[in-house]
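Protein chains in written order, with the numbering used here: chain A, 401 to 823; chain B, 14 to 423; chain C, 852 to 1107; chain D, 8 to 323.
Hints may be right or wrong, so weigh each one.
Unchecked claim - Facing chain B, from chain C, some residues (calculated, C-beta under 8 Å):
(1) A927
(2) I940
(3) S963
Hints are computed from structural coordinates only; laboratory data are not their basis.
A virtual CB, placed ideally from N, CA and C, is assigned to each residue, including glycine.
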Amino acid sequence: MKRLHRSITFSITLKSLLAGLVLSLFSSISAQEPVRIAFIDPLSGTFASIGTSGLKQLQYAADELFNSKGGILGGRMIEIVPLDNKQSPTDTQIQFRRAVSEGLRIIFQGNSSAVANTLNSTISRHNRRNPGQEILQINYSAVDPILTNEQCSFWHFRFDAHAVMKLNVLTDYIAMNPEIKKVYIIGQDYSFGQVVSDTSIELLREKRPDIEIVGNEFHPIGQVKDFTPYVTKIVSSDADAVITGNFGADMVSLARSIIDSGLDIPIYTFYAAYDGITATLGADGIDKIYLVHNDAGNPLPSEERLAYTKNFKRLNPNNDMTQFRITNALQMLVQAMEASQSTDPFDIALALEDMRFTNMSGEELWMRGEDHQIIQPLHISVHTDQNIVVDADNSGFGLYRDFSVLGDETVVDHSCRMRRPRR
Amino acid sequence: MGKFAAWAGYLVVLLGLPQLFDSVLAITIFNQMAIAIVFALSYNMLLGQGGMLSFGHAVYFGLGGFMAVHALVMIEFETVYFSITLIPLVGGLIGLIAAVFVGSFSTHKAGTVFAMISLGIGELMAASSLIFVSFFGGEAGVSADRTFGPPFFGIEFFQDVEIYYLSAGWVFVATAFMYLFTQTPAGRMANAVRDNPERAEFIGYSARRVRFISFCTSGFFAGVAGGLFALNYEFITEENLNAVTSGRVLLMAYIGGLGYFIGPIIGAVVLTLMNSLLSNYTELWMLYLGMMFVLTVLFLPRGFAGFIMMHQTAWLRGKLSSLFLPYLITGMPAIIFGGSILAAIEMLHHEGEPFGFLFINLDSGNTLHWLALTAFAAASYYACRRSLGQLNAAWEEANRVGDPTEGGPG
Amino acid sequence: MSILSMHNVSKSFGKTEIIRGVNLDIQAGERHAIIGPNGAGKSTLFHLISGKYQLSSGRITFRDQEIQNRPPYEIARLGLARSFQVTNIFPRLSVFENVRCGMLWQQGLGYSFRHLLGRQTELNARAMHLLAEINLAERADFPAGELAYAQQRALELGVAIASGADLIMLDEPVAGMSLSEAEAAVSLIRKITEGKTLVMVEHDMNIVFDIADRISVLVYGEIIASDSPQAIRANPKVQEAYLGEVAMTGVGGNNA
Amino acid sequence: MLEVFVFSTLNGLVTGLLLFMLASGLTLIFSMMGVLNFAHASFYMLGAYFAYSISLKLGFWAGLLIAPLLVGAFGALVERYALRRVHAHGHVAELVFTFGLAFLVEEAVQFFWGADTKNYQSPDLLNFPLFTLFGQEFSAYRGFMITISVGIFLALYYMLTRSRIGIIIQAAITHPHTVANLGHNVPLIFMAVFGVGTALAGVAGVIAGPVLTTFPGMAVVLGSIVFVIVVIGGLGSLGGAFVASLMIGLLQSYAIASNLGMPDLLNWLGLEFSRDHPLNDLWTLTLPQIAPVLPFLLLVLVLIFRPTGLAGKREE
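Between the sequences and the hints, there should be enough to build the whole structure, so can you do that?
So, in structure tokens, the structure goes:
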């Protein structure tokens, strides 16, 4: 009842049909052919709301920043083609081939590192086997470090900080708080959960050797009915803080159980906001939930950014601008196209490498050429209802920025040895 | 002769499809179908022919697929040396080994006990696949490259269409062997044990042993399907052996029609098309899939194949044409009725925003649209009910002369 | 020479003893009927012999092999076939398949998945022949579950004898049939058990005395008499326990 | 250590009793109709969602009263118009139907309520700690959950053993034909039992929703566990289901609380493996890591060694 992307698609399909018709009649207008970008993310099933929300933000960015201003590359419109992968690696393959089939050369994808990983290796294989028809992967959200390290690829660009970078900032923040002496780590038993656990332990040992890790727990993903038994362990460990990489229902249930047990300690998280989570935690989560992210939340850093966000909210009253990095990614992509005057993935990729960009919030962004990892300021925000201008889930609650670091300080080393194609 | 023609036709269709539709997308869909057909047929061996309801059949598919991907990696790193055309066999053998192990204790009883064991094993495997990262690769799975093996008559399998022809060959061979299995004593006794395990024991057969043989054979072909998956996608993840995949194969086999050999093939084709095409037109396709499944269980207990086979008597009597008009008269309003319901569902879904439905634009904010829809639905429902009697009469007429049959549709 | 012997066979369900120390010898080639009032344990005895139930104590030998407590399929493979009181066929298989399945093991086909049934011409011919004998030839391709009741009973017999076993045990073969159907069934039984050993449980006294060479009377789990039909008719113990009441009910008085 | 033990026991009890509320309905339905209702947890989910919607308008308590009735009515309709129809095609068809129903309900819930987690809150009246032990609060709401579950168990027990209806139901379980011959309307009893069974699941959903999070996956998480309980307890045995529910609840709770794992076992055996060992994943396995799947392990073991379950007599 609340997911609406069909209408967008449909009108677009009609438009493109019409455009195709016109095109075949007057082939001289082919310069006005739209730049088509595939968006592969879950649009049906359990994770649909996250994918649909991302699609709306991408569509909004394209319309608001480019299409309404006469398009790009001298008048070409940006057309977003949504392709539903149900957050399944298998379905991602199918949609990838559909994209290839329809001649789409640029793919936006963000949700689930598993999907991003398989898409990454699929694209590498495809590009190797089909020279001249390469595909470009714009990863706006998957944070598995491997994608810009061991598995890095010339055809993959990441516009979010990866897990280790975020943890670096998060542990800095924890280290600054002298009251924290004991930390409990709990997470879903999969690669991201493991990265969070291993990296936090390592970094905390470095930055605050006096902090004791009193618990390091994994639970099966999506299988736990009741987190109270885990919370019992947290309580008995006398922890002063909890770090978790949980997302979705596992995040809500965990936070709920911790709060219900009367435990008054901060919970450091990655995904504990928006998509119903903020509303569900409500007043219980005030000043307890901390989130590390790249989006400068409340107060919004610039007037332009505020107007941009409010306008999105006006057009999509049931959605929030949860991933401003989508806008960053599109703007940088377009800048690369304009710079190279091309829509060919190879040219775009070259132009994107080491691009520096100042975004709408006034932040400095740098696409590091060696591993195609974006370097950008990161923030830690707290769940609250004080001074919230742009709230989440229309709940009155939202994220308030508490701590920020500049891009330079987030840089971590990489182990990427990129194989660069030659032309 | 008729049988030979059917098999020849099957082969021609399998090999001819890429000639008719040659886009990358079409080939992708055909590849999916090929995998699904083998998988669904192997499932039917259990449920349709052996009476064993499994909620964990993806285990054998997935294990076969994982081993197949590992085998591809071994070929790539030259640990072993053989043609990748044999990869499905690797999958099959692993499926067989897993089935021999599980079957040794799970085939003691059919019915609820078997179903519950399969559920438990399925959940345990799904959990293990996330815990044992070195083999299953965690949630990202394992991937490989199929192009490093020795070329097969000069083909290196760079393109999906080459894999399709390889898959088609395997599908044909697997289908043929699964069909032949039904014609052997072991296959026929599987039917007998499904119908009446007690009596089978009194004519000299251990019901458990008969089930065990079916179970292992089924595991083998599920593994072959897993191997085909590995070849086509060049990766596999835990989702390919968890409950979702197990559920999907149950849906395929059931919707297609248990108990008919071609049933699962129909189901595999229909579900693959729904999965890859319908999902591009509506986000609600899973809801529609669920509705279709429940309606099938309620009204077509023998699935699509059963519905087709219901017309055998009429066809043999040459009276099938007499059903055409009544079907049309009842069918048209029925389709319109179904369409109106779907439109209403979509309208609820697209709260407050106009959207395209088939050839018209609908807007849930528009009362007129709602009224028109209600009128359409009511009128078509009435027309459908009115003509149902006629259809039933025509059905009786076409099927008369004694033999008890299924009874009219509807 | 006895083909089947029971020595002190007992069976209890919980605390209730249903069969109490039965001793019985069945001679090769004879037609032996077991009669007795309802609840005497006749069917239980059949289940014990054919392996469906486990014995509480005692011994059963078939052709000098001990068969007690062995699984039914092993006993069946030795050449002991049986039918059931309640029709017990393969309802979704065709009539032809039902009979052919009954023949498979003795054909040595076992669990084979190398043989194709369609190629077993001799086997198929024998199955058709048997169908002709039980008058179901023109129903060969019909699903067994859709046959009329009497035809299902005939098929029940057909499946039992299909293996070509030497010892055939029939549990109330004519139960629930009309008079004419029962007559046809009796002549069928006579025909198909020619040269074999027959053990039969039956309520209909006319049929019992018509077919049997020897009759055993089972009352409350004990054999109180085992003799020729004439001797049984004359046995006062039998009359007292059982026969008197049934003799009056006549032919149609069988209760399924 | 003691505090962990005490709280683990309490947690296990809460989960176990909640599971029992689901398992009791499922067992009741199974013993009456021979149907293992795969969709049972879907009714539990519906209970939570109905109660959520009602609580927005009328508050929690109205939801507690109305939602189970709605769920029960829906269950009765499903029995009357769908299950009865499928019944003719045998148990496998029934099981497959309920499997499809579970699938459909999950999709329908997403259609009507969306895929997000819902902000379904426990009532303010119960938002206080019942007691604090070793620095951990035990919320009044959890106490309330225990009370309701025990209450329902007692009511059910009383109804089945003392009341006239209960006696008819018990008779219908063992001798359906005799009961029908006595002039009782067996189909109506079936419908009523199905309705009551699903309503019980609805109650469980209403009271579990605020604590265990109301989201479309909540049925899947619980569904197969309830199945496991009913099978382990012995199909058709209410007492068995009760024991099995508590057993599973406590087992999971203790498994999570314990820090035992393969490393301890290896230590004890005096073995040591390097981190590069190919089976490293196995050597580092811990009990809390696998706690949620332990019931399935138990299920498979029980079915292999005692197919009738702990207290069951019926096999099929």
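Unmet hints by their number, sorted upward, for this structure: none
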